[in-house]
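If you're matching them up, the sequences are chains G and F in order. Numbering of the first sequence is given in the working numbering, commencing with residue 1 and proceeding in unit increments. Numbering of the second sequence is given in the working numbering, commencing with residue 1001 and proceeding in unit increments.
For the record, the hints were derived by calculation from the structure and aren't laboratory data. As the structure is a prediction and not an experimental result, all values here were calculated from the model. Just so it is clear, CB atoms sit at the ideal spot from N, CA and C, and this is done for glycine as well. It is possible that some hints are incorrect.
[As the list claims (entries may be wrong)] With beta-carbon atoms standing in for the labels, derived distance ranges:
(1) F:1028 - G:277: 29 to 39 Å
(2) F:1266 - G:229: 48 to 58 Å
(3) G:17 - F:1120: 31 to 41 Å
(4) F:1120 - G:310: 26 to 36 Å
(5) G:106 - F:1080: 37 to 47 Å
(6) G:32 - F:1189: 52 to 62 Å
[Claimed, not checked] In silico DMTMM-like pairs for lysine to aspartate or glutamate, Cα to Cα no more than 25 Å straight-line:
(7) G:132 - F:1193
(8) F:1208 - G:32
(9) F:1263 - F:1284
(10) F:1208 - F:1193
(11) F:1202 - G:19
(12) F:1247 - F:1159
(13) G:259 - F:1282
(14) F:1121 - G:36
(15) F:1247 - G:282
(16) G:173 - F:1282
(17) F:1121 - F:1193
[Claimed, not checked] Here are some chain G residues the structure puts well away from chain F; computed CB gaps all over 12 Å:
(18) 7
(19) 10
(20) 15
(21) 86
(22) 91
(23) 133
(24) 165
(25) 168
(26) 227
(27) 279
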Amino acid sequence: MANPSVSPNQRKVRRRSLDANRTQRTIRSVIEFVVEWCLFLAAASSVMITLGIVFTLFYESLGFFRHVSLGAFLGDTVWTPNFEPPRYGIWSLASGTIVTTTVALAIAIPVGTIVALYLSEFAQPFLREIIKPSLELLSAIPTVVYGYFALMFIAPLIRYCLPEAIFGNVPTKNMLSAGIAMGIMIIPYVSSLSEDAMRAVPMLMREGSFALGANRLTTALRVVYPAALSGIAAAYILGISRAVGETMIVAVAAGLQTKFTLNPLDESCTMTAFIVNIAQGDTSHGSINYQAIFAVGLSLFLITLLFNCVGFYLRHRYRETQ
Amino acid sequence: MSNEAKPVILPEKKTPVPRLGLTAKQLIPRLQLADNLFNLIGLLSTSIGILTMVILLGALLWNGAPYLTWNFLISFPSTTPENAGIIVGLVGSLCVMLVTVVTAVPLGVAAAIYLEEYANKNWLTTIIELNISNLAGVPSIVYGLMAASLIVYQLGIGETIATGGITLGLLVLPVIIVATREALRTVPRSIREAAFAMGATKWQVIHKHLLPYSAGGIATGVIIAMSRAIGETAPLVVVGVVGFLLKLPASPVSSQFPFVNFKWLTVRYSVLPYQMFDWVQEPDDVYQHKAAAAGLVLIAMTLALNASAMYIRYRVRKNIHW
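The shape of chain F in the complex, shown without the other chains (with noise of 0.2 Å):
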């Protein structure tokens, strides 16, 4: 470079602006506060949930636990408050979740195997996607509601264990679509064209392969729609559930000929949910607190049954082996 190069030039030099008229190295430990701040705040938000949940099965607890007893697990319903029992509203879920199941199960796999391996994108399947995110959303007092027009009066089944079931098969299906069109999406797209590569046709290689692969997801979703029905009241309540009950449906198995009979469909029925609605609504104390021994079953069921998803969960993911 010659000596007579025009000199560069230089911008005035300026110090950089300082945010809130700090120094970098002021600031840093400032946002370094602000992030720990926040993770204290978030800490603190998530515990209020788990918190909750403490304080709420301290209080079932501490006001249910001395009731319940064997003997509060095998007796009627009673007007006397002391010898109130949950043995109907207990034999009534199990039935009715047992309709639930056979309503929903079928209905819902098959509609998600549908909507996930065959449906075209097309007007049609995109309304029936709309309305099963719509269906999820809807109260379920108002399948109640729909249930009580439709079931119960048209239909002329009566205020039922079908009845309440299918209410509730209704009512759980969304969820069981959603969770096995999940499943069957995990499924990699290697296993389908090997099949259909040896051959197989779209139904073998849905049954064959898909199905067993996905049996895990599809079986947690089916249990977490189990828990929620099993918990679930409100659309009970307007298809005629009844609190005071003291007569168990008819046994599904007899020593006699066909062995099964379907009576036990077509009698009245009580849930535990609702025996303990009726329960809180008493002003009697004792009642009181044979809800919160009630709502203790309910718990330990609801819990039983997302710990089973849980652990089947766990179990498929770590038995992957594609």
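Isolated chain G, as found in the complex (with noise of 0.2 Å):
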């Protein structure tokens, strides 16, 4: 549509800066191009971050499985490579895993659970507001701080407090105490994943409770406990997970013979420790002690992947039913 009051020099410049306009939304396409995929890489690399894991720990315990049966791995409870034949069962390291993560969940879901109930049913909004950040400090505290507040203050306190005649030598280093430990670690994780659950329960069934006459411990425990139920049980299946992998607190306290044993006062090595007291030694890339820590590393990584499925699973569940 020619406009007879634009002159013809007017109408060049107009030209001119559509085809510069043209231009620039070619280089401009070119960029959101260049930048979507660059960004599709940076995301795509945690699932390279997987494939490394999972590929790294399948190559390096396949050496180990070439010296020693899947079977004489999982069904046997002494671990001495040193003697004549090495056995290598998994089962003496599992069971201070399964010790400490036992006791350390034994404080962590009930204090947890009850912390996550106070906060979203009863606290004041002002008492939340400082409770929340100073209980998540907890979780910042350096591992090893706590292993050797374990092994120095919590150790003690228990051989002082169970009397030698009835409980024996209590060890300095005790799963009891590492666990101890590792569950005040862990209660942060529980009670603030559980608080979110707790809060995505609608307000209209808490008033339908207090409709009926309920006061507002029944309408916790009855009505958002159960709504809940789902994230809640995510929270702790998360507690669970970050306990198995748990290390430094068990380094330091739970001490470091390999032994089976469900006795939570005995010393025992879990299958973290294990890890990082034999990386800690002199070990030669490609010996069998070398590999052995990738097969008891596979076994973590296993175990932790399961839990996590889980909780995955369970945490969409609730959001989609909220």
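Two chains, two separate frames, one set of hints: put the complex together.
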């Protein structure tokens, strides 16, 4: 549409600027394309990390399982690599992990749940604003410091509290003290995830319960807790996976003896502490001990993977039902 | 109404069955008592965590404060426990942190932008999301095993600062991704729509509007990730951190021509938490006190990081203008 009021000169200028616009637009769309691909590669790199983990763990443990059969690894309770014949029974390490995790959960789950119920249903908003961040500081303290605390404070306390006549001589390093420290460390993980789940329960349900004459406690236990159960279960499961993978506390405070025991007052090595212990010494790349830590690491990875997947599924379920 | 109308038959009047044999008047105080009791229990459970933190700090101060001198901060480790210091650990931690930030922040922020702004809901993004939530739950020591095999041996980088930093960078990647996504999600739709309406491309909207608006949230996430990385020991043990090192890495800045050099990336290293772990394992009593002093420095660093994260979060919340 030619506009008679526009001079030919002006028209030329306008066309030039249109051309410039067009090149600019091409440049922009190229940039857009490149940027999107770069961002996609960054997102995909997380998958590469997982693949890297899976590949290296399988690759290195393959060498181990060439020497030790899977049955001997999974079906034995003795770990004595230096004796003849060497025995590599994962249960001697797994028992330590099971005991410390159980102790930790026995503390973290009840306390964490009560804290979550309290913060979500009882506490004044200003109190919650203070308590929540200070509890989260608990999980910010470096784990090696917790280990020191367990060894230097909790263990002597246990030895002092349990009379020798009944409980025998409790060693300085024991799984109970490590488990307690670990439990305290896990409280914020359990409480903050459960609280999120509880606060996601619609207000209507609480109001219905109050209208029927229930008090706060009944509402919390009979209405909010069941409604948020799948989210809370996810919190518990993530707590378990945290406890199974925790390393430095047990490496410092639970002892380094590889023996099969389910007595929390005894000292025993966990799977994670074992890896640290072997890696600390001089183990050359490719030796059987070096490959053994990868086999143990693979078991650890598979266990936590299982827990994480269940946790992920549960969390999504409660998000959908919301 | 006439008199012939059938009389309304009222059901026989029953007294409502009281719960637990109590009338409402008796029941209500009990319910209130239950509420108050739980309130108390909740407060007590919450204080378990906070009390532990206080005791932990107290125990560390009691054991370590007398040893926390200027000399301790600037001395090299030593075979005579009285002379041992943490300078190598401190410098090592800072160098490793630097590498960690450089690896994790660009990668994490880019991945988060992709997942939040570009990704369509398809099987690929579902896999990436599942994968990231899984990575967050993988025990840290497994990252160490992966890095020991992949980075140290396959890529041949060796047990250097670069390896340690990259390992921790991969470890905290999920933390940064999750924090960045949350920060991006808080930017209101209207900002995006206004920018698009002005003809901005997607990338322009992101880097001129979304990133500046969510910078506070991203910074908080990065700081939290750093505070986690600085206390992390387990994966570094596997990739060859050493406890007794008498050499500092070369200075990255020089007065000669290129002014920067990257030699410091390729040397062996020590980090503060490992220094502490190393001393805890020593039988000598003075080393235990030194470990407590190192723990104090470590806690001071993590608490400072967490405090600054909280401050930024507070400022961001206060300064939201939209």
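Results for each hint:
1. F:1028 - G:277: 29 to 39 Å: 60 Å, violated
2. F:1266 - G:229: 48 to 58 Å: 52 Å, holds
3. G:17 - F:1120: 31 to 41 Å: For residue 1120 of chain F against residue 17 of chain G, whose Cβ atoms are near 36 Å apart, the range 31 to 41 Å holds.
4. F:1120 - G:310: 26 to 36 Å: For residue 310 of chain G against residue 1120 of chain F, whose Cβ atoms are near 27 Å apart, the range 26 to 36 Å holds.
5. G:106 - F:1080: 37 to 47 Å: 43 Å, holds
6. G:32 - F:1189: 52 to 62 Å: Between residue 32 of chain G and residue 1189 of chain F, where Cβ atoms are some 21 Å apart, the hint is violated.
7. G:132 - F:1193: 35 Å, violated
8. F:1208 - G:32: Measuring from Cα to Cα gives roughly 14 Å; hence the hint holds.
9. F:1263 - F:1284: 35 Å, violated
10. F:1208 - F:1193: Roughly 13 Å separates the two Cα atoms, so the pair holds.
11. F:1202 - G:19: 22 Å, holds
12. F:1247 - F:1159: 15 Å, holds
13. G:259 - F:1282: 23 Å, holds
14. F:1121 - G:36: 16 Å, holds
15. F:1247 - G:282: 21 Å, holds
16. G:173 - F:1282: Distance of about 14 Å is within 25 Å: holds.
17. F:1121 - F:1193: 21 Å, holds
18. 7: 28 Å, holds
19. 10: At roughly 23 Å from the nearest Cβ of chain F, residue 10 of chain G sits farther out than 12 Å, so the non-interface label holds.
20. 15: For residue 15 of chain G, whose nearest Cβ neighbour in chain F is about 20 Å away, the distance exceeds 12 Å, so it holds.
21. 86: For residue 86 of chain G, whose nearest Cβ neighbour in chain F is about 21 Å away, the distance exceeds 12 Å, so it holds.
22. 91: Per Cβ check, residue 91 of chain G is outside 12 Å of chain F; nearest 19 Å; holds.
23. 133: It is violated; residue 133 of chain G is separated from chain F by about 6 Å at its closest Cβ, not greater than 12 Å.
24. 165: 28 Å, holds
25. 168: Holds, because the least Cβ-Cβ distance between residue 168 of chain G and chain F comes to about 24 Å, which exceeds 12 Å.
26. 227: 18 Å, holds
27. 279: 4 Å, violated
Hints 1, 6, 7, 9, 23 and 27 from the list above are not met by this structure, while the remaining hints are.
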